[in-house]
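The numbering of the sequence shown is full-length UniProt numbering, which starts it at 1 and goes up by one.
Among the hints, a few may not be true.
Stated by the list, open to error - Derived PhoX-like pairs: lysine-lysine, alpha-carbon spacing no greater than 25 Å straight-line:
1) 334 - 318
2) 210 - 150
3) 298 - 273
4) 168 - 318
5) 150 - 28
6) 273 - 318
7) 28 - 168
8) 273 - 117
As the list claims (entries may be wrong) - Simulated DEER-style distance windows between Cβ atoms:
9) 301 - 192: 55 to 65 Å
10) 285 - 169: 35 to 45 Å
11) 133 - 333: 22 to 32 Å
12) 51 - 333: 46 to 56 Å
13) 125 - 322: 44 to 54 Å
14) 133 - 159: 35 to 45 Å
15) 290 - 192: 17 to 27 Å
16) 37 - 172: 29 to 39 Å
17) 69 - 322: 17 to 27 Å
18) 331 - 221: 51 to 61 Å
It is worth saying that the hints were derived from the structure and are not from the lab. Just so it is clear, the structure is predicted and the values come from calculations on it, not from any experiment. The C-beta atom is built at its ideal place from N, Cα and C for all residues, glycine as well.
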Amino acid sequence: MPRMVWPASFAMIDTDWTGRHMFSTEQKSAIEAARAGWAQTRRLVVPAVEDVLYSPIPVLETGFVRAVDYMGGDSGIVQGARVSYGKGTRSTSDDRGLIRYLMRHRHTSPFELAVLKLHVRAPIFVTRQWFRHRTASINEYSARYSVLEKEFYFPRPEDIAAQSTNNKQGRADALPPEQAQQVLDILRDDASRCYDHYLDLLNEDENGEKRDPDRPAIARELARMNLPVNIMTQFYWQINLWNLLHFLRLRADSHAQYEIRAYADAILQIVQKWAPLTYEAFTDYMRDAVLLSGPALKVLRAAMAGQAVDPAQAGMSKREIRELADMFPEIASKLAR
């Protein structure tokens, strides 16, 4: 018999965590209709994902991530790996062992059979990092066609930090509260002024009404140039599971920028519900694992054996030596600097 899927309640969609409406009335009606109807299917479904489908996970106070569609899951991955028929599973322990084997040996094809589609609301500067991952299908809100909403991302005071002196793309210590507030005042003032000028170029007020009937509106594709990159945008993002895990390995890492890491952490919540065995294997063999070069492995073995070792002579650079010492502090004193 085909499985009957009944979506969960719509409670999380009504308003966002700041009290502002997250979606327009038309958007909410479309989402309510999608969640309220029956869906009849013979395909493999994951009840934990069905329960949260369409519901947004809040990110950075003004953004969200929500799953809007998916294909496959753990059972589909093992089915593809075994090239079997029907459900294609044996027992959970068998499936777990196979998925961990596939992950451990980087047999990627079965993971590519699973696909997730997300709807994301994020600041433009975050999406510019996000879209560097050129392994997904993307469609973004068009500021050539529509007017962007007056909604911006502003960091929390505790997240405003000085430029790192040893990492050109990183932050150092957080600024004192009074200095952080000065930065926020500048960001808010600039964003408000730029948006006011944006509407002036469009010859519109905030309700979309024409300001001056005798003055032409500048084309939207030109007026948008005046907007800062902390204005919010939206996009749909469809990606297979293996490429998604690669994205998460980089963007959920402690070295990633805080803002995109917040989105990666939200997506991890969805992946854990969608493919829990794969999530576990990803955590063990990718996210919490380390990659060692041949020379580093040779040095590590020698140090563990109590032998005197010179990493430089083994072919390691100064940076690689520092990284190895950070990964294995118990042998740091044995590494000649």
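Violations among the numbered hints, reported as their numbers in ascending order: Violated hints (numbers, rising): 3, 6, 7, 10, 11, 13, 14, 15, 16 and 17; every other hint is consistent with the structure.
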